[in-house]
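Turn these sequences into a full structure, and let the hints steer you where they fit.
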Amino acid sequence: MPPRRLLASRPFLVLGLLLAGWFLVPTVIKRALGISFFELQAPVHLAASHVRDLQDFWSLRTRSSHDLIAAGRDLARLNASYEVTLQQTETLRREVARLEALLRMPTLPGYRSEPARVARRDFNAWWQRLTVRKGRNYGIVPGSPVIFGGGVVGKVTEVHAYTAVVDLISSPTLRLAATLEGDTRPLSFQGANNPAFGPARGIVDYVPTDASASEFSPRRIVTSGLGGVFPAGLLIGEIVRLETSTDGLFKTGEVRLDNRLSELTEVTVLVPERRD
Amino acid sequence: MPTSSVERSGSLVETHRGYNPRLLVFHGVLALACLGVTAGLAYQQLIKTDIYHDLERVQNQRRVLTPGPRGNIYDREGRLLVGNRPRFAVTLNLDELRGEFRTEFLRIRRAYREADDRNLPSSGELEQIARFTVVQRYLDEVNRRLERAEKLDGQALTRHFRRQLLLPYILVDDLHPDEYARLLEQLPVTSALQVYTTTARHYPFQSAAAHTLGFVGLASLEDSPTISLPGEELKTFAMKGSIGRDGLERYFDEILQGETGGTIYRVDPAGYRVNPPLVRRLPVQGRDLVTSLDIDLQLSAEAALGKLELPASAVMLEVASGEVLALATKPDFDLNATSPRIAAGAYQQIDAAGGWYNRSVKGIYPPGSSFKILTAIAGLRAGTLDPDATVNCEGVYRVGRRLFPCHDGHAHGPIRLAQAIEVSCNVYFYAQGLRLGAERLAEEARRFGFDQPTGIELPFETKGMLVPDAAWKRRFIAQRKLPPDQQAIEERWYDGDTANFSIGQGFLLVTPLQMASFAASVARGETRTRPTLLHDPARAPLRSDPIGLNPVARAALLRGMEDCVISPHGTARILNSPALRIPDLRIAGKTGTAQVATPGGTRNLAWFICFAPVDRPEVALAVMVEGDTPGEEFAGGRYAGPVARDILKTWWDKRRAAGPLSRATAIRP
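Chains as they are written, first to last, in the working numbering: chain A, 537 to 812; chain B, 27 to 695.
Calculated from the structure, these hints are not laboratory results. Note that this is a predicted model, so its numbers are computed, not measured. Worth double-checking, as some hints may not be accurate.
Which chain A residues face chain B? A few, computed with CB under 8 Å, are given here [unchecked claim]:
(1) H586
(2) H696
(3) P722
(4) G763
Restraint-style ranges between C-beta atoms, simulated for each label pair [to be verified]:
(5) A683/B <-> V620/A: 50 to 56 Å
(6) G734/A <-> V300/B: 41 to 47 Å
(7) K680/B <-> G734/A: 41 to 47 Å
(8) R792/A <-> T159/B: 44 to 50 Å
Among chain B residues calculated to face chain A with C-beta under 10 Å, some are [stated by the list, open to error]:
(9) P95
(10) N110
(11) F114
(12) R208
(13) E211
(14) Q212
(15) P214
(16) V215
(17) T216
(18) A218
(19) T223
(20) T225
(21) V578
Ideal placement from N, C-alpha and C gives every residue a C-beta, glycine not left out.
In structure tokens:
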């Protein structure tokens with residue numbers, strides 16, 4: 537029988553051998569394993585998401601017919617108003633196209649809208665992410681902007697076969713070029729270190745010194761369109777605090793983000809259209 | 027079979043002496059050695075600990091200094107004249123690329139070995155190639171995103187590695203806001219590539235008051251007096267700061283200079299940074315400066331001078347306080363061309379045009395007939411001039427054997443003081459000057475401070491102004507070391523010198539700023555006006571010795587100056603023409619046309635000094651325009667007068683819109 541000391545050290549020995557083995561495995565295999573791990577994990581998330589949808593469906597089935605008819609009526613009205621807005625947008629789009637042609641201006645790159653259900657939310661102190669139920673199968677590419685009815689959601693950072701990971705604007709790893717609404721000067725927006733369950737906040741930098749904002753008189757910031765990722769004019773949030781930086785050149789401040797960011801169930805991915 | 031020692035000794039008991047006196051010596055030696063080591067350790071640990079601690083700090087810590095932004099400069103109404111603009115640059119934090127450099131180094135070395143290249147570079151050269159390759163890769167990425175074609179300077183990169191490893195390496199400087207917005211959005215937050223912001227001086231009014239405001243140059247921060255960061259003994263990496271090189275930027279550099287901030291980092295043995303920093307001090311912006319300049323008047327003065335396309339100067343003062351409202355010099359230059367540093371081509375271009383020269387405070391010129399006001403005051407005070415007495419002007423005045431011509435060769439006939447000022451009669455003032463004498467005239471000029479700098483808050487104000495007299499001429503000629511007989515002739519003070527002196531010609535030299543101060547003093551009925559470029563709404567009115575004229579004499583003087591503008595024969599009558607007249611504004615002025623001998627021939631200088639309104643003076647003005655063509659007729663009224671008129675018009679329009687000034691001018695007899 538081997539000595540007790542050898543027996544006691546066996547787990548460490550095995551761990552060491554495994555680590556050494558992993559170290560010796562070629563990088564390509566390691567990378568393939570990593571990707572396939574996520575791809576194998578994704579169906580679990582997708583299945584859970586579909587189960588949640590089914591759960592919602594059955595919970596709605598418990599509602600009375602009267603409630604459903606009322607909701608259907610509200611929805612029809614909403615659709616009608618959206619239809620009007622769509623027509624107005626289409627008219628404006630044509631007018632913009634006509635003016636661009638008249639002035640011989642280059643057409644700005646367009647985006648294809650791709651609605652996607654949220655499969656998973658991953659909020660912690662280091663990052664704030666969503667996983668959506670569409671990926672390469674719908675032509676989504678990394679860097680695609682993601683929006684919802686309240687403005688910007690974030691940016692696609694990883695794309696897998698059937699899912700994509702979206703970095704939320706509340707995540708400190710996301711930064712974008714913004715402007716104050718009604719202004720053209722660019723400023724920097726970045727997600728702050730947000731608590732997992734607290735209200736989402738961001739920070740702004742390089743704000744012109746003539747701008748002011750407070751909790752009682754907030755100032756909206758929108759995407760600038762200058763960064764090349766997000767189209768212009770999408771709502772990011774509201775600046776609720778501004779103070780002059782020590783160099784006196786700019787102001788820095790805090791941005792209050794939409795509370796719905798943490799409970800999104802459906803988002804739209806703007807897939808950049810290829811210009812061939 | 028071996029035998030035991032017991033058997034050999036024949037004794038069954040093994041004896042052992044536990045104590046051997048000889049071992050005591052070794053014990054002692056050992057104890058001493060231990061004591062020595064302990065003492066040595068204690069010495070190193072307890073006594074020399076501070077020294078080693080300091081050595082360790084110096085070896086393992088680095089200090090990075092960041093300049094504080096300079097304070098702003100405003101005009102008297104709070105409009106920004108000099109500020110700071112952000113300069114965006116895309117930088118690369120080299121110390122974050124250590125791993126990439128190593129990987130690239132190995133890759134290149136492997137490639138050489140696989141190719142069996144015998145010219146394998148040395149390890150140091152391979153390191154440089156690897157660094158260059160990695161940094162070039164990042165620059166390519168920036169170029170791709172910005173659609174630029176920036177190139178990497180290998181020497182600069184090597185220098186940066188050697189001397190400034192802890193400072194971010196600037197890949198592309200002075201980004202357009204669109205470009206920096208693009209990089210902000212497209213670069214990952216954790217990338218070694220980052221958008222970096224520094225400040226550069228910004229001049230919203232471009233060339234306005236260029237000579238007065240001045241400019242800054244790049245300077246090392248290591249000698250900055252405003253460093254509040256500890257660690258002077260540490261190896262320091264300093265970003266470039268700025269220092270005032272000219273104008274207010276130089277004179278008030280200590281006030282405007284921001285407080286230098288910085289960071290102290292721990293570094294590893296290779297010199298790469300270990301985050302987070304040990305100490306961090308944020309830079310603080312310098313204090314602001316509120317000048318007395320009024321940018322509306324300044325722009326008006328520069329626009330009026332600019333129309334002439336000649337070297338010229340215009341100075342406007344507030345009579346009560348001496349505050350400078352406008353201080354303009356042409357030719358000038360766009361201050362933005364000096365920020366953050368001036369290009370050699372731009373410097374030479376400005377230099378060739380004479381743009382660096384601040385004529386208002388550095389230029390010394392004969393004041394010509396505008397000096398006749400002082401001659402009149404001197405005569406009136408000395409009692410040699412009766413304002414009602416006449417002098418017969420026949421067009422020339424004989425001094426010894428020489429005939430001195432009158433203004434334009436006119437024969438004015440019998441003429442009194444007021445009229446002599448109005449038509450600028452030389453003969454009248456030759457006679458008065460000779461009656462008074464050069465010494466008393468010089469004394470009066472010195473009383474008004476013509477022999478001293480004004481003391482304005484600008485660097486390099488000339489000290490070359492000159493009030494001549496006989497003693498000065500003797501000294502001056504003696505310096506030329508002429509032959510004795512020639513020296514005896516030239517060093518004498520002649521009546522001709524006095525005649526020239528009395529009409530502001532000859533050896534007399536003044537600056538345009540002095541003439542504006544003189545006009546302000548006359549307007550206030552005093553002798554000295556110290557001009558200032560600082561605005562203080564609570565500043566007490568200036569006080570100096572009274573001018574010493576009785577009301578009759580003063581009235582005659584002012585009547586002559588006002589007639590100079592409004593009379594049909596006045597030398598500044600152009601200001602009363604329908605096109606140039608300023609409604610409801612009474613101006614007291616005096617023109618001057620001085621001659622300057624140049625190698626190319628005699629050139630004229632056009633002068634005009636004035637103050638307004640006559641009854642309650644608020645502003646005083648001096649305008650000087652240099653003629654560029656020898657022998658050309660270049661009258662002060664025709665050239666300098668309209669410039670003064672444009673400035674006064676701007677002032678008067680503002681004045682009427684704003685209501686009466688709070689700072690009243692007290693006129694002293």
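These are the hints, each one checked on the structure:
The interface hint given for H586/A is violated, since its Cβ lies 33 Å from the closest Cβ of chain B, which is over the 8 Å cut-off. The beta carbon of H696/A is not positioned within 8 Å of any beta carbon in chain B (closest approach about 20 Å), and the interface hint is therefore violated. With a least beta-carbon distance of about 4 Å to chain B, the hint placing P722/A at the interface is held under the 8 Å criterion. Checking G763/A against chain B: minimum C-beta separation of about 3 Å stays under 8 Å; hint holds.
Remark: the range hint 50 to 56 Å for A683/B to V620/A is upheld by a beta-carbon distance near 52 Å. The hint said 41 to 47 Å for the Cβ distance between G734/A and V300/B, and at roughly 32 Å that hint is violated. Distance hint check for K680/B and G734/A: the Cβ-Cβ separation is about 55 Å, which falls outside the suggested range of 41 to 47 Å. Hint check: R792/A to T159/B, Cβ distance near 45 Å, so the stated range 44 to 50 Å holds.
Using the Cβ-Cβ criterion of 10 Å, the hint placing P95/B at the interface with chain A is satisfied: the shortest such distance is roughly 5 Å. Taken as an interface hint, N110/B checks out: its beta carbon lies about 6 Å from the nearest beta carbon of chain A, inside 10 Å. For F114/B, the interface hint holds, the least distance from its beta-carbon to any beta-carbon of chain A being 9 Å, beneath 10 Å. Because the smallest distance between the Cβ of R208/B and any Cβ of chain A comes to about 5 Å, under 10 Å, the interface hint for this residue holds.
Among the interface hints, the one on E211/B holds; its C-beta lies about 3 Å from the nearest C-beta in chain A, closer than the 10 Å criterion. Proximity of Q212/B to chain A holds as hinted, the smallest CB-CB distance being about 6 Å (cut-off 10 Å). Nearest Cβ of chain A to the Cβ of P214/B: about 8 Å, under the 10 Å cut. The hint holds. With a least beta-carbon distance of about 5 Å to chain A, the hint placing V215/B at the interface is held under the 10 Å criterion.
The beta carbon of T216/B is positioned within 10 Å of a beta carbon in chain A (closest approach about 7 Å), and the interface hint is therefore held. Nearest Cβ of chain A to the Cβ of A218/B: about 15 Å, over the 10 Å cut. The hint is violated. Hint status for T223/B relative to chain A: holds, with the closest Cβ pair at about 7 Å, below 10 Å. At about 6 Å, the closest approach between the beta carbon of T225/B and any beta carbon in chain A falls short of 10 Å, and the interface hint on this residue holds.
Residue-level restraint check for V578/B is violated (minimum Cβ-Cβ distance to chain A is 58 Å; threshold 10 Å).
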